[in-house]
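Keeping their order, the protein sequence lines are chains H and E.
Per the numbering used here, numbering of the first sequence is gapless, rising by one per residue and ending at 378.
Per the numbering used here, numbering of the second sequence is gapless, rising by one per residue and ending at 273.
Certain hints may be false.
To be verified - Restricting the straight-line Cα-Cα distance to at most 27 Å, the calculated cross-link-like pairs of lysine-lysine (DSSO-like) are:
{"hint": "1", "chain 1": "H", "residue 1": "LYS223", "chain 2": "E", "residue 2": "LYS127"}
{"hint": "2", "chain 1": "H", "residue 1": "LYS96", "chain 2": "E", "residue 2": "LYS89"}
{"hint": "3", "chain 1": "H", "residue 1": "LYS208", "chain 2": "E", "residue 2": "LYS127"}
{"hint": "4", "chain 1": "H", "residue 1": "LYS3", "chain 2": "E", "residue 2": "LYS243"}
{"hint": "5", "chain 1": "H", "residue 1": "LYS357", "chain 2": "E", "residue 2": "LYS89"}
{"hint": "6", "chain 1": "E", "residue 1": "LYS184", "chain 2": "H", "residue 2": "LYS96"}
{"hint": "7", "chain 1": "E", "residue 1": "LYS184", "chain 2": "H", "residue 2": "LYS355"}
{"hint": "8", "chain 1": "H", "residue 1": "LYS357", "chain 2": "E", "residue 2": "LYS240"}
{"hint": "9", "chain 1": "H", "residue 1": "LYS355", "chain 2": "E", "residue 2": "LYS127"}
{"hint": "10", "chain 1": "H", "residue 1": "LYS98", "chain 2": "E", "residue 2": "LYS184"}
{"hint": "11", "chain 1": "E", "residue 1": "LYS89", "chain 2": "H", "residue 2": "LYS3"}
{"hint": "12", "chain 1": "E", "residue 1": "LYS39", "chain 2": "H", "residue 2": "LYS56"}
{"hint": "13", "chain 1": "E", "residue 1": "LYS31", "chain 2": "H", "residue 2": "LYS357"}
{"hint": "14", "chain 1": "E", "residue 1": "LYS127", "chain 2": "H", "residue 2": "LYS214"}
{"hint": "15", "chain 1": "H", "residue 1": "LYS355", "chain 2": "E", "residue 2": "LYS240"}
{"hint": "16", "chain 1": "H", "residue 1": "LYS98", "chain 2": "E", "residue 2": "LYS127"}
{"hint": "17", "chain 1": "H", "residue 1": "LYS310", "chain 2": "E", "residue 2": "LYS127"}
{"hint": "18", "chain 1": "H", "residue 1": "LYS355", "chain 2": "E", "residue 2": "LYS174"}
{"hint": "19", "chain 1": "H", "residue 1": "LYS216", "chain 2": "E", "residue 2": "LYS127"}
{"hint": "20", "chain 1": "E", "residue 1": "LYS39", "chain 2": "E", "residue 2": "LYS127"}
{"hint": "21", "chain 1": "H", "residue 1": "LYS370", "chain 2": "E", "residue 2": "LYS89"}
{"hint": "22", "chain 1": "E", "residue 1": "LYS184", "chain 2": "H", "residue 2": "LYS357"}
Bear in mind the hints are in silico, worked out from the structure with no lab data behind them.
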Amino acid sequence: MIKFLSSIQLAVGLIAAIALASVFATLYPTVEVFSSFWFRGLLLLFCLNLLVCTLKSLPAVFARLKKTPANVCGERAEGLEISGHQSVEALTQFIKEKGYKVKMASDGDRQNVLAQKGILSLIAPHLLHLALIVVLVGGYLSSFGVEDQVACFVGEKAEVPASVAEGMVIEVNDFQTVLDAEGAIENWITNFNIYFNDVKAVESGTTKVNAPLKYKGISFYQKSYGYHHLIEVTGEQAGVYQIPDQKIFKLEDKVFNITQTIEGPLVRFFKGHEIVEEKMVKNGEKMEFSEDTVLTYVKTYPFTVLAVKKDPGTWVVMTGFLLMTVASFFFWTGRYREIALSFEGNKAYLTVSCKNKALRDEILAEVRSKLKAGETNG
Amino acid sequence: MDNLQTPLLVATLLAYVLAFMFYFITFIYSKESFLNYAKILTLVAFLFNSSLLIIRAVLINGLPLRNLFEFGLFFVWAITLVFLIIQYKFNLPVAALFVLPINILLLLFLVNLDVTIRPAMPALRSKWLIVHVLSAVLAYGAFAISFALSIMYLLKERLMKSNPAGRLAGILPKPEILDELSYKVIFVGMPALTIMLVTGAVWAEYSWGRYWSWDPKETWALITWFIYSAYLHIRLRGWKGRKAAILSILGFLAVIFTFLGVSYLLPGIHSYA
Chain H
1 MIKFLSSIQL AVGLIAAIAL ASVFATLYPT VEVFSSFWFR GLLLLFCLNL LVCTLKSLPA
61 VFARLKKTPA NVCGERAEGL EISGHQSVEA LTQFIKEKGY KVKMASDGDR QNVLAQKGIL
121 SLIAPHLLHL ALIVVLVGGY LSSFGVEDQV ACFVGEKAEV PASVAEGMVI EVNDFQTVLD
181 AEGAIENWIT NFNIYFNDVK AVESGTTKVN APLKYKGISF YQKSYGYHHL IEVTGEQAGV
241 YQIPDQKIFK LEDKVFNITQ TIEGPLVRFF KGHEIVEEKM VKNGEKMEFS EDTVLTYVKT
301 YPFTVLAVKK DPGTWVVMTG FLLMTVASFF FWTGRYREIA LSFEGNKAYL TVSCKNKALR
361 DEILAEVRSK LKAGETNG
Chain E
1 MDNLQTPLLV ATLLAYVLAF MFYFITFIYS KESFLNYAKI LTLVAFLFNS SLLIIRAVLI
61 NGLPLRNLFE FGLFFVWAIT LVFLIIQYKF NLPVAALFVL PINILLLLFL VNLDVTIRPA
121 MPALRSKWLI VHVLSAVLAY GAFAISFALS IMYLLKERLM KSNPAGRLAG ILPKPEILDE
181 LSYKVIFVGM PALTIMLVTG AVWAEYSWGR YWSWDPKETW ALITWFIYSA YLHIRLRGWK
241 GRKAAILSIL GFLAVIFTFL GVSYLLPGIH SYA
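Put together the whole structure using the sequences plus the hints.
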């Protein structure tokens, strides 16, 4: 069972199954795949496969890391004639300069050398496997998270949905559309206070796109925004009206809407679907419709919509992502290779371990030629 | 400087086409003297490509990585960069016959796109964009080269059986070299793809409040990651050569679908890319 769970065949089979299911899910978005029982089962099996495979191979990795220089005089080692002590020092120096970590140990008259390079790339696949497990566990924890949204006018208070945080209220101090030097929208910023059980917990916190505000495990994201317009009308339809942005309004025989633009509120008059007149207005500005009917634009009422989220899995997933990134950099440090040497009298015994045969042959040739050069120099 | 964009784009395309023609004459008609011209033309195309990216960077006052056109330009640039490294480090200019057509096809697509500079939406004004898209560029560039090498492998294998004494069979390197080189390039691209996925997810968490949304673009990037993961795992079981080459080709088709197919066929929250 352990053998099956740690097998590459299972890993490749699961990778293929998850990939195919994902292809299907993107082509048929109406079919619920990613939250289905069987897809989660595949992910669980994948997680088990990663775990068992990693646990099984970790002892061998640790053994490699802790490995000490040993006698390699044997049938597998290549025996080479050398000229004595000078060659040992020259060779170890040469290996060190090549970026190897060199360990040396004496065993009677025998001098053993172990040189290792690319240890990080040896760790990389196992670290990546562990990172994936952490991400999957985090993803599972995230399924217990909740998210919702809260809309609030500037200057007012609104309750955060109880499913996310019971007893939490926000009070929006300000909402701004920030423009860049060219006049394009750079960001939307909401400044707000947080009350928890009627006690002010956060004073003047801000949230904007790409920079959410976090408080006690609850994150506030700038999700949306909008405007209402406050107008006062005299005459037959006298009253104070709060009109949503771009909502059509009829006053006497005129049809209009008010749109918030970057420059300010813009009143558009329509005949059918056609715009017949446009006018920018300021707070307190009056527009005469007839002798009795006068519209006064009182002020703009901006509101902000914040997404609120409580997710116990996010930090776990982020930890997994960090490990994945570290593992990725480890992969780039080059293949693991190992040179083991035993010097005995005027003979050196050499073995080189590397999964890539061409690289192994290259290292062998290099060490061999260095030993011969040492012999000449000595 | 805005007016220079289209002429430079066309010049880049023409330089790649000319470079391809010179490589073609060099290898198919055995005109060795054309090889240096082909190499110079590739460098010229690369310089035009780089200049266009620099102009775009100056115009938008940042790295040009914000839409399909800009990413496409960087994609072609990265493919050429990886090819130039392969050409000089492993002395493999013949790979140009299979790499440059990818660049030409991508540029033919890009010349049809709107080059107008538009302000970036707030979500795109993030430092995460740089590392996310640059790692994508590196990964996709490496996978394009691996794709070309895999095509070369399959062709060589076929020619060795059907026409081993033929001209084309003679100019292609040994299958083992192509197989090993393709593996090496994927080994460089795969960590970059991992970093792309991770940084994209972290950025999404900051921007949208969700590190993973199963959006078509991110799902297809994950599918690509799975294909190359399978590639690396099957090699551990000794599956080299033909099977590995087919998987590498499949991986690059997934890259192309993520880049173009998803953008046009499966719209999602990555609508700008």
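The hints, checked one at a time:
1. H:LYS223 - E:LYS127: holds (20 Å)
2. H:LYS96 - E:LYS89: holds (25 Å)
3. H:LYS208 - E:LYS127: Holds, at roughly 15 Å.
4. H:LYS3 - E:LYS243: The given pair, whose Cα atoms are some 24 Å apart, holds under the 27 Å limit.
5. H:LYS357 - E:LYS89: holds (19 Å)
6. E:LYS184 - H:LYS96: holds (25 Å)
7. E:LYS184 - H:LYS355: holds (13 Å)
8. H:LYS357 - E:LYS240: holds (14 Å)
9. H:LYS355 - E:LYS127: violated (39 Å)
10. H:LYS98 - E:LYS184: With a Cα-Cα distance of about 21 Å, the restraint between LYS98 of chain H and LYS184 of chain E holds, given a limit of 27 Å.
11. E:LYS89 - H:LYS3: violated (41 Å)
12. E:LYS39 - H:LYS56: violated (50 Å)
13. E:LYS31 - H:LYS357: Measuring from Cα to Cα gives roughly 35 Å; hence the hint is violated.
14. E:LYS127 - H:LYS214: holds (20 Å)
15. H:LYS355 - E:LYS240: It holds: about 14 Å lies between the C-alpha atoms, which stays within 27 Å.
16. H:LYS98 - E:LYS127: Violated, at about 36 Å.
17. H:LYS310 - E:LYS127: holds (25 Å)
18. H:LYS355 - E:LYS174: Distance of about 20 Å is within 27 Å: holds.
19. H:LYS216 - E:LYS127: holds (26 Å)
20. E:LYS39 - E:LYS127: Judged against 27 Å, a Cα distance of about 36 Å means the pair is violated.
21. H:LYS370 - E:LYS89: holds (24 Å)
22. E:LYS184 - H:LYS357: holds (14 Å)
Hints 9, 11, 12, 13, 16 and 20 from the list above are not met by this structure, while the remaining hints are.
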